[in-house]
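Protein chains in written order, with UniProt numbering: chain H, 1 to 431; chain R, 1 to 431.
Please keep in mind that the hints were generated in silico from the structure rather than gathered at the bench.
Among these hints, one or two may not hold up.
Unchecked claim - Just some of the chain R residues that point at chain H, by a computed CB distance under 8 angstroms:
hint: 1; residue: L81
hint: 2; residue: N275
hint: 3; residue: L276
hint: 4; residue: K290
hint: 5; residue: G292
hint: 6; residue: N305
hint: 7; residue: L319
hint: 8; residue: P328
hint: 9; residue: H373
hint: 10; residue: N379
hint: 11; residue: D392
hint: 12; residue: T394
hint: 13; residue: F425
Backbone N, C-alpha and C fix where the C-beta goes; we use that ideal spot for every residue, glycine too.
Protein chains: 2
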Amino acid sequence: MKTTLIKNGTFITMADTQVVTGCLEIQDDRITYIGSTPNQPLDQYDEVIDGTGKLFMPGLVNTHCHAAMSLLRGYGDDLALQVWLQEKMWPIEGKFTAEDVRFGTELSILEMVKGGTTTFVDMYDHMNEVAQAVEQSGMRACLTRGVIGLCPPDVQDAKLKEAVQFAKDWHGKANGRITTMMSPHAPYTCPPDYIERIVQAAHDLNLPIHTHMSESRREVQENEEQYGLRPVAHLEKLGMFARPTLVAHGVHLTDEEIATLARYDVRVSHNPGSNLKLASGIARVPELRKAGVLVSLGTDSSASNNNLDMFEEMRLAALLHKGVSGDPVAVPAFEALQMGTIDGAKSIWLHEVGQLVPGMKADLIAVDIDQPHFYPKTNYISHMIYSASAKDVTDVCVDGQWIVRGGECLTLDEEKIKYEAQACFERLTSS
Amino acid sequence: MKTTLIKNGTFITMADTQVVTGCLEIQDDRITYIGSTPNQPLDQYDEVIDGTGKLFMPGLVNTHCHAAMSLLRGYGDDLALQVWLQEKMWPIEGKFTAEDVRFGTELSILEMVKGGTTTFVDMYDHMNEVAQAVEQSGMRACLTRGVIGLCPPDVQDAKLKEAVQFAKDWHGKANGRITTMMSPHAPYTCPPDYIERIVQAAHDLNLPIHTHMSESRREVQENEEQYGLRPVAHLEKLGMFARPTLVAHGVHLTDEEIATLARYDVRVSHNPGSNLKLASGIARVPELRKAGVLVSLGTDSSASNNNLDMFEEMRLAALLHKGVSGDPVAVPAFEALQMGTIDGAKSIWLHEVGQLVPGMKADLIAVDIDQPHFYPKTNYISHMIYSASAKDVTDVCVDGQWIVRGGECLTLDEEKIKYEAQACFERLTSS
């Protein structure tokens, strides 16, 4: 058993709104103590870390990402959505090899862990590569092979089989750091009967479902035209919400749809940066929260964001809904921090991360608060939401292992990943 | 004469959308050359800087700030506007001494220069302290004593006299780095006759005017109730726009008001972060730009933002108006970068900064682009807007002087400023 004590630290535990100053004890992969004084004499610990000038908080949870798409960061911005997808994203993504997915994912993981994200949801293809990258990095992830069903039946069958195999192979792996889900990509990319088959597979595997839903106004209109129902009613009818479900976006929702999501305990991953950049609109987050829907935050991919800074998503969530609603108390700082930590964890059915309390897994980050933009020392919850960025993170611990120290990632080879990601991009766009 | 060459650099000049790779030459306070190869043999330069892995661009221009209010960062967030002002801001600001203004301003300047802002507009009180801090820091600033006229005539007279004296004393000082303006604080804090006197003083001094205008819906309504006119017509009637004018906010504007601003060449400082946080609303930036109004960006104070990261304001400007308008090409990256650099400079009548071209003042910043969130090397203009933050800035040059190197400010004592700012805050809130 390895024991670590962080002393002289400032802690946002997310158990309540009070900041704790003092000590936090880690035994192996779990937090075992938090309090103003050490739990035992300092010489009893394997390691004592001086937390002076650092703020410690739960690691951030990014509940919607396509990590490999970092290879397309900045490739085709400021374009109309269909042009962006059809002329830029899809032709290149169609060429992605397993190796591209590996390096793109590693580039994203590097950016995420250095910026304080300890858990992410990933929906993509070549998922064995993604899972291996997660395992190597030391990060926590909820992974799913997203399937698009606009293809012949035999290809549909093959994709579903692959998704099931991946979900079976990796669920609970990497000391439990990896969990899996089943994912029909979206109601507009999967025929109804295919969605029903994927839902059935999720039942068989006893796994949750992740999908894109109601991201753009056009998608909602087309769903109504094609199926006579808006996406929420359509997916409800297909039985999806009988499974635990996390939907990404949920931008265009009626009051009735919000009530339906609340009734089924469907979770919504709010992606404010991506929704703004793609001009999809602004999700009704205050209304969702008021209805009791669990709302978390996602970056979406670096192709539509274009970064994976969860501090920025928390800040956008706190700022945007004030400005849009005209209510300066809409989404206060603490609620934005909940969305980025504990509510993110709950959204993917992880009940042992997201708070710094004894018994929880040791997933935590350190922020350098001895910088001008964190003075005066008024309110650190406010400072984390309104003043902090990914670049303020210095140390990251996941499952009791320090994977970032002094701003350096200890588990991945940064120079190699940057080099290889650049090479992948050049190869993909040269032919 | 001191000559410096930056070699192996990547340059966003803002003269056009092309990125230049190669060299930039500085002689004393001016840029004298930019091109793919050095202008003269390397041994002819006093200093040769290796720009490998760095992106150089014009320093950012923050066109609306109250720097001293950094002392109130995080003090009273997530409150209704009137509660925030009346119960939190005003009682403490009323106690601000010259010393408080000095340390609050230095704290802000430190944050700004380390984050790549080379020029700022400041409207506050105790402006001699602000000007001295600017002079010492090496930054560029356009300063103005903001006057509130809700006071007896003798106090009005004294404030105006002080504002005039400050404007005279400091205009053109610090090797021309400091310019001044005249500022009635806002139409709702200055009686009409007092605004007319301030406008007359600006005429007499041949200086521009800066004011807050149409920030909140309530302000516009009350202006109509009190004066029978919306703020734009009210200020037009008082003769303000006969002087060169920069207004902050301009959130609630009709088409007709936008046309009026365009006709008078009134410049608008868009403060997206502050406007969202205070729930003021979202300015009609695409419409303003389409009408030919010069739009720049401001952070407002750290009490309502709560940081002075101009990269964030540029990103908000690029993201927000896409999401609100539903148009994914509203405010493209290059336009957001214009708003943060060259258009900011033009907005305060500085015609020698904001671009990296020969003949311009050497106001430039270096960004560390050898980081995961800037890979692949697709489009650096996009990367600066959608992926960068203040923390990516490593070096800052103003007027040919390097005031930040390797992330350290060379002109101000960071440890002392953080200590003193904290002490000021504690004293202000203890009694």
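Against the structure, the hints come out as follows:
Using the Cβ-Cβ criterion of 8 angstroms, the hint placing L81/R at the interface with chain H is satisfied: the shortest such distance is roughly 6 angstroms. At a threshold of 8 angstroms, the smallest CB-CB gap from N275/R to chain H is about 6 angstroms, leaving the interface hint in force. For L276/R, the suggested interface contact is upheld, since its CB lies about 3 angstroms from the closest CB of chain H, less than 8 angstroms. Proximity of K290/R to chain H is violated relative to the hint, the smallest CB-CB distance being about 16 angstroms (cut-off 8 angstroms).
With a least beta-carbon distance of about 21 angstroms to chain H, the hint placing G292/R at the interface is violated under the 8 angstroms criterion. At a threshold of 8 angstroms, the smallest CB-CB gap from N305/R to chain H is about 7 angstroms, leaving the interface hint in force. For L319/R, the interface hint holds, the least distance from its beta-carbon to any beta-carbon of chain H being 4 angstroms, beneath 8 angstroms. Restraint check, P328/R versus chain H: the minimum CB separation of about 4 angstroms is within 8 angstroms; hint holds.
The criterion of a C-beta within 8 angstroms of any C-beta in chain H is met by H373/R, whose closest approach is roughly 5 angstroms, and the hint holds. Taking 8 angstroms as the C-beta contact cut-off toward chain H, the hint placing N379/R at the interface holds, the least distance being around 4 angstroms. Taking 8 angstroms as the C-beta cut-off, the interface hint given for D392/R holds, the closest approach to chain H being about 7 angstroms. For T394/R, the interface hint is violated, since its Cβ never comes within 8 angstroms of a Cβ in chain H; the closest pair sits about 12 angstroms apart.
About 4 angstroms separates the beta-carbon of F425/R from the nearest beta-carbon of chain H, less than 8 angstroms, and the hint is met.
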